[in-house]
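Going line by line, the protein sequences match chains A and B.
FYI, in this note's numbering the residues of the first sequence are 6 to 180.
FYI, in this note's numbering the residues of the second sequence are 996 to 1136.
By construction, these hints were calculated from the structure, which means they are not laboratory data.
A few of these clues could be false.
Per label pair, the in silico range of CB-to-CB distance [to be verified]:
1. Leu-76/A with Thr-1098/B: 52 to 58 Å
2. His-62/A with Tyr-1030/B: 49 to 55 Å
3. Tyr-1030/B with Ile-104/A: 25 to 31 Å
4. Ala-58/A with Phe-1123/B: 48 to 54 Å
5. Val-127/A with Thr-1004/B: 55 to 61 Å
6. Val-1041/B with Gln-106/A: 32 to 38 Å
7. Ser-1120/B with Gly-26/A: 14 to 20 Å
8. Lys-136/A with Ser-1120/B: 50 to 56 Å
9. Val-162/A with Gln-1095/B: 30 to 36 Å
10. Val-127/A with Pro-1002/B: 56 to 62 Å
11. Ala-119/A with Phe-1017/B: 41 to 47 Å
12. Ala-1103/B with Ala-83/A: 37 to 43 Å
13. Ala-119/A with Ala-1068/B: 23 to 29 Å
14. Leu-115/A with Leu-1015/B: 42 to 48 Å
Residues of chain A placed beyond 12 Å of chain B at every Cβ, according to the derived structure [as the list claims (entries may be wrong)]:
15. Asp-60
16. Trp-68
17. Leu-72
18. Arg-108
19. Leu-115
20. Leu-122
21. Ser-123
22. Ile-131
23. Lys-136
24. Thr-140
25. Leu-158
Every value quoted in this text rests on a predicted model; they were computed, and no experiment measured them.
Ideal Cβ positions, reconstructed from N, Cα and C, are used throughout, including at glycine.
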Amino acid sequence: MEGEQRAGLFRVPFHIPSFHGLRTLGVYLSGILYALGFWIFLDAVLYSKHANASDLHVTFIDWIPFLCSTLGMVIVSAIEKNRLMDYNNGDFGGNEAIIWQARTVLFLGLALLAGGLSGSIVVLIIKFVIKDYTTYPTVGMGINNVLGNIFILLSCVVLWIAQNAEDEYSYSLTI
Amino acid sequence: MKFKVSPLTKIISLSGFLALGFLLVILSCALFHNYYPLFDILLFLVAPLPNSLFGSGSTAYSTSDFMTDSTHAGQDFAHFLTGTFVTSGITLPLILYHCQYITSVSCAMSILGGLIIYSSIVIFSWFFNSNWDGDEDALFN
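Same shape as in the complex, but just chain B:
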């Protein structure tokens, strides 16, 4: 593995990415003096929560055949909620636009900003959960 990014660079670039998302959503509110799109931030911040509560920690156990039903149901509920929240975050500005609460520019900016926020959170957890061993080497070398 030749191309190796240090964890510090990842954190810095991801925080910049996250700030860009927040900037887009807040700008989409402040430019038009209409603060309805702020709910989009709330939805996209809640969206990764169910998977981190129920989800990926016990994925290794769920593939084995000694699974219990409770973890299965919890994971299903988490996936269901994730799908619901992400779709809500995308459709909320569209519906506010359709009902003439916000303008089309504000709608596009808030959708884009919300997606950037969500993807940066997901990438953050993906970086530091999946290959923690490799990162640990990079931290201490």
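Isolated chain A, as found in the complex:
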């Protein structure tokens, strides 16, 4: 039954793995990606503090995109997304106001995530590229900032996909 449902949407030449551990694996992968993002950014900070040869340093401005991304990830992960999808089901109590509230908060979280990524690119351009700090060990601090935010975004995407895939699976089991 679940195989028929799964084969309905896409026609792929291989079998899509749908075992139970996929959710666990996805969540682990998401945690790994988040830690990578965090430490890549922290690498830039520590490099600026200890091994920096130039006169450009990481200040609080560089922290803002990272904080935005993390806050957005917390908000997006905390919302019950699968219940938001089928609002005809009425799992939120069928209350229209609560659904709109949830949509607004989810939009805020996604805007924070996107704002974090674009903010890090803005910091890279305004603080490093415009002022001609384009040789590698110095501009690496800005590039690490962008990479860290990309990894946090990826972590959020993987977490979302893992949780929703498993919910579909358990849904088809209970039907």
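Got chain A sorted already, so can you dock chain B onto it with the hints?
Quick look at chain B alone, frame taken from chain A:
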């Protein structure tokens, strides 16, 4: 099952393994008079904590279809934290090396020692949680 190790042998060998891990990390600090890699021990000691708090005790319930959302979310959070801590433990010495806080030898030793500590803790809980019935027989025979 012919090959059967008594629990006492497991405990002794695992404690030796754990001590080897601690030895490697502490040596990587003490040889270079630079005690930053000690944070690695802290990260790898915290890493198995979320799974033991939230995790494997209620795994049998989560596979049934009467799952509640709260246990699911708790397990997900535990898995997320585990992945984060283990990756942090591996990347922390690499980043300290890249920022010229520690040398490359110290970096390799602390990564290896931290992985040994973490794996010995995981193997310990795996030995004494998964097949507790078999071990109980071995204890009393």
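When you take the CB atoms of Ala-119/A and Phe-1017/B, is the distance between them in 41 to 47 Å?
44 Å, holds
Look at the Cβ atoms of Val-162/A and Gln-1095/B and judge whether their distance stays inside 30 to 36 Å.
34 Å, holds
Just to be sure I understand the hint, the distance between the Cβ atoms of Val-127/A and Pro-1002/B should be within 56 to 62 Å; is that true here?
Once the Cβ atoms are compared, 59 Å apart, the range 56 to 62 Å for Pro-1002/B and Val-127/A holds.
Was Ser-123/A rightly flagged as not at the interface, with every chain B Cβ beyond 12 Å?
25 Å, holds
Is the Cβ of Leu-115/A farther than 12 Å from every Cβ of chain B?
19 Å, holds
Range hint 52 to 58 Å: satisfied by the CB atoms of Leu-76/A and Thr-1098/B?
37 Å, violated
Given as non-interface: Ile-131/A, which should sit over 12 Å from chain B by C-beta
24 Å, holds
Closest CB of chain B to the CB of Leu-158/A still more than 12 Å away:
Non-interface label on Leu-158/A holds, nearest chain B Cβ at 15 Å vs cutoff 12 Å.
If I take the minimum Cβ distance from Leu-72/A to any residue of chain B, is it greater than 12 Å?
With a cut-off of 12 Å, Leu-72/A remains clear of chain B, as the shortest Cβ separation is near 17 Å.
Is 37 to 43 Å a correct range for the gap between the Cβ atoms of Ala-1103/B and Ala-83/A?
39 Å, holds
Taking the Cβ atom of Ala-58/A and the Cβ atom of Phe-1123/B, is their distance within the range 48 to 54 Å?
52 Å, holds
12 Å cut-off, C-beta based - Trp-68/A kept clear of every residue in chain B:
17 Å, holds
The earlier numbered hints that this structure contradicts are 1, 2, 3.
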